[in-house]
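J.: Produce the complete structure using the sequences and hints provided.
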Amino acid sequence: MSDDHDHHDGNDDHELRVSKIRDGTVIDHVHGGQALNVLAILGIDGTEGEEVSVGMNVPSDRLARKDIVKVEGRELSQDEVDVLSLIAPDATINIVRDYDVIEKHRVERPDVVEGVLSCPNAGCITTGDEPVTSRFSVLEDGVRCSYCETIVRDEIASLIDT
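Using this note's numbering, the letters of the sequence shown map in sequence onto residues 11 to 172.
Careful: at least some of the hints might be erroneous.
Each computed EDC-like pair below joins lysine to aspartate or glutamate, with the alpha-carbon atoms no more than 20 Å apart [unchecked claim]:
#1 Lys30 <-> Asp108
#2 Lys114 <-> Glu90
#3 Lys30 <-> Glu60
Rather than coming from a laboratory, the hints here were simulated on the basis of the structure.
T.: So, in structure tokens, the structure goes:
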């Protein structure tokens with residue numbers, strides 16, 4: 011058995027040991043505990059055989075603790091990145107091709123998200139039988155339904171349409 015995985019010298023203590031991906035997306039600097047919500051946003055539950063690596067609550071210089079999600083064989087759409095920004099406003103998206111990071115950018119919160127969240131207000135026109143697409147204005151600390159003005163600050167991930 012090799013020592014590589016069994017012992018740490020002083021320099022390895024802050025290093026996250028997760029295998030590199032060949033092609034896909036690395037979502038880094040996600041607030042600790044949000045990785046499973048990231049997977050939910052991406053519609054990944056493991057049943058389709060996706061190769062996914064998840065690190066949760068690992069030490070971070072920028073955040074006290076962070077999550078990191080690596081998805082092999084998939085580059086995120088702008089819509090997916092916009093929704094991710096609601097629960098992971100400090101995230102960095104790295105696009106990887108042939109083991110090299112070819113693109114790296116911070117998420118930017120959009121002013122509006124459409125068709126990705128369900129309004130929690132049962133009386134909202136978007137929750138009934140009407141063919142109305144949900145629309146939320148993105149606030150500093152949450153989102154506001156453009157139809158009924160309901161403001162959501164917590165549990166935004168639970169409102170994501172999958």
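J.: Confirm or reject each hint.
T.: Evaluation of the provided hints:
1. About 10 Å separates the Cα atoms of Lys30 and Asp108, which keeps this hinted pair within 20 Å; it holds.
2. Distance restraint check for Lys114 and Glu90: the Cα-Cα separation of roughly 16 Å lies within the 20 Å cut-off, and the hinted pair is therefore satisfied.
3. About 15 Å separates the Cα atoms of Lys30 and Glu60, which keeps this hinted pair within 20 Å; it holds.
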